[in-house]
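Engineer: Below are the chains, spelled out letter by letter.
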Amino acid sequence: MSRVLIINFIRFIILVFLQVFLLKNISLYNVSTPFLYILFILLLPFETPNLLLFALAFILGLTIDAFYDTPGLHAAACVLLAFVRVLFISITVQKEGFDNEPEPTLSIMGFRWFFTYAFTLTLFHHFFLFNLEVFRFSEIQYTLSRFLFSSIFTVFLIILSGLLFFRKKERK
Amino acid sequence: MRNLLIFITKYNAFFLFLIFEISSLIIYVKYNSFQKASFINSTNEVTGNLYARADELKSYLTLKEVNDSLAQANARLRNQLRSSQYADTVTKKQVTDTVYKQQYEYIVAKVINNSVNKRNNYLTISRGSDNGIAKGMGVISDKGIVGKVVFVGKHMAIIQSLLHKDSRFSAMLADNKEIGYLEWGDSMDPDKALLVDVSNNAQPKLGELVVSSDLSLFPAGIPLGRVSNLKPKVGGFFLNLEVKLAVDFSKLQYVYVIDNRFAQEQAALEAKEEKDE
Chain A
13 MSRVLIINFI RFIILVFLQV FLLKNISLYN VSTPFLYILF ILLLPFETPN
63 LLLFALAFIL GLTIDAFYDT PGLHAAACVL LAFVRVLFIS ITVQKEGFDN
113 EPEPTLSIMG FRWFFTYAFT LTLFHHFFLF NLEVFRFSEI QYTLSRFLFS
163 SIFTVFLIIL SGLLFFRKKE RK
Chain B
73 MRNLLIFITK YNAFFLFLIF EISSLIIYVK YNSFQKASFI NSTNEVTGNL
123 YARADELKSY LTLKEVNDSL AQANARLRNQ LRSSQYADTV TKKQVTDTVY
173 KQQYEYIVAK VINNSVNKRN NYLTISRGSD NGIAKGMGVI SDKGIVGKVV
223 FVGKHMAIIQ SLLHKDSRFS AMLADNKEIG YLEWGDSMDP DKALLVDVSN
273 NAQPKLGELV VSSDLSLFPA GIPLGRVSNL KPKVGGFFLN LEVKLAVDFS
323 KLQYVYVIDN RFAQEQAALE AKEEKDE
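Protein sequences appear in the order of chains A and B.
Residue numbers 13 to 184, in our numbering, belong to the letters of the first sequence in order.
Residue numbers 73 to 349, in our numbering, belong to the letters of the second sequence in order.
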């Protein structure tokens, strides 16, 4: 149990640092900006109580907001992400499988499930984030293209990090 | 009552979602305009310090470019030492010797956090109220106008960049002095801006210099960019011009905050005028 706590804590710190000091400066043609930090919420264990899940999403969002100077923006998007995560998992994962599959990682759940999971959740998060940030209907075309290309970039990075930390032994 | 409790526990995810979503939206709406002081931004102790550290490392990589631009700025300033000053004497007859009084004071600051790829961009600088920076002051770099101060902490301040949907600066064409407003268009290109509301009588040329006007919070004549497209938008009663910005916002290292000594006097007078009317 304490191992899970420590791993998630370290993951939180590393992802926030990566997002704030590296990925914040990256944008392709000013259209595509990755938000890899949501990986923290994606990889929380299945058994995480809902209260803790939402609280962590909220804290993660506020931490990113503090660095991005957008109070509440990322927090709102992260809480929505957590909600979609709860729905997605309750629909697709059987309850019996909980004991031997502690975390929804790529190596445990397989590529197909993880890709659908990451892609759906990223779409929801980015759509909400970009529209809330601009909040103007007149720029919808630009917002949508940003949303689409950023989602592709983020999912690419998420899959890449999943493959990077792929452990074959865990797959059953 | 029991049924209600069962209902709430059964759908607890949804109710938790509502609670957290509403609280984050309240934070977003309440604090996002920088009208009220908030601790969730990059001037607070932790985030400000981390940004300053990271910037120390990064600044070594750009030392050469910064040196070059400073040398150029020095050379240019030697040619126009009196341009930021204000003539104090009003005389009836022509006198060749004029006494000047300082109107604008420049405070140098280091940019420690910057962004160009969002819809609304802000910069954080390493000077705050301790160094005499106040809300509403203009900010320039050695190449041109950067933005204005919107939020001041003790040791740091946040600047609303020109690349922001609410930024609007009074500007004019350098040759024929036609006045318009410079704002960041919908194109979201950090190199381009729009000069809007220019009178139809103006005859702008491609490549003409656009500078700050006398009506702005900057000293008149600070360069903004050059006209790069004469007809980015057709229609409307006024001319709209596309301007290629002089400042490369993604490479900003040092900026100058402008303290206008007469700003308070001007604001007080204008407030009085409104009251009288």
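There could be a bad hint or two in this list.
When the alpha-carbon atoms are kept at most 25 angstroms apart in a straight line, the in silico DSS-like pairs for lysine-lysine are as follows [unchecked claim]:
(1) B/Lys264 <-> B/Lys347
(2) B/Lys215 <-> B/Lys136
(3) B/Lys303 <-> A/Lys36
(4) A/Lys36 <-> B/Lys323
(5) B/Lys182 <-> B/Lys136
(6) B/Lys237 <-> B/Lys130
(7) B/Lys136 <-> A/Lys36
(8) B/Lys277 <-> B/Lys249
(9) B/Lys207 <-> B/Lys249
(10) B/Lys182 <-> A/Lys36
(11) B/Lys102 <-> B/Lys182
(12) B/Lys264 <-> B/Lys237
(13) B/Lys323 <-> B/Lys215
(14) B/Lys316 <-> B/Lys215
(15) A/Lys36 <-> B/Lys130
(16) B/Lys215 <-> B/Lys182
(17) A/Lys36 <-> B/Lys264
(18) B/Lys182 <-> B/Lys264
Below, a sample of chain B positions facing chain A; criterion: calculated Cβ distance under 8 angstroms [claimed, not checked]:
(19) Leu97
(20) Tyr178
(21) Lys190
(22) Arg191
Hints listed in this document are in silico derivations from the structure and should not be mistaken for laboratory results.
Even glycine gets a Cβ: it sits at the ideal position worked out from N, Cα and C.
Engineer: Would you mind marking each hint as holding or not holding in the structure?
Structural biologist: Comparing the hints with the structure gives:
no.: 1; hint: B/Lys264 <-> B/Lys347; in the structure: violated, 39 angstroms
no.: 2; hint: B/Lys215 <-> B/Lys136; in the structure: holds, 16 angstroms
no.: 3; hint: B/Lys303 <-> A/Lys36; in the structure: violated, 34 angstroms
no.: 4; hint: A/Lys36 <-> B/Lys323; in the structure: holds, 14 angstroms
no.: 5; hint: B/Lys182 <-> B/Lys136; in the structure: holds, 16 angstroms
no.: 6; hint: B/Lys237 <-> B/Lys130; in the structure: violated, 28 angstroms
no.: 7; hint: B/Lys136 <-> A/Lys36; in the structure: holds, 24 angstroms
no.: 8; hint: B/Lys277 <-> B/Lys249; in the structure: holds, 13 angstroms
no.: 9; hint: B/Lys207 <-> B/Lys249; in the structure: violated, 29 angstroms
no.: 10; hint: B/Lys182 <-> A/Lys36; in the structure: holds, 19 angstroms
no.: 11; hint: B/Lys102 <-> B/Lys182; in the structure: violated, 29 angstroms
no.: 12; hint: B/Lys264 <-> B/Lys237; in the structure: holds, 13 angstroms
no.: 13; hint: B/Lys323 <-> B/Lys215; in the structure: holds, 12 angstroms
no.: 14; hint: B/Lys316 <-> B/Lys215; in the structure: holds, 13 angstroms
no.: 15; hint: A/Lys36 <-> B/Lys130; in the structure: holds, 14 angstroms
no.: 16; hint: B/Lys215 <-> B/Lys182; in the structure: holds, 15 angstroms
no.: 17; hint: A/Lys36 <-> B/Lys264; in the structure: holds, 21 angstroms
no.: 18; hint: B/Lys182 <-> B/Lys264; in the structure: holds, 24 angstroms
no.: 19; hint: Leu97; in the structure: holds, 5 angstroms
no.: 20; hint: Tyr178; in the structure: violated, 25 angstroms
no.: 21; hint: Lys190; in the structure: holds, 7 angstroms
no.: 22; hint: Arg191; in the structure: holds, 5 angstroms
Consistency note: the structure conflicts with the earlier hints numbered 1, 3, 6, 9, 11 and 20.
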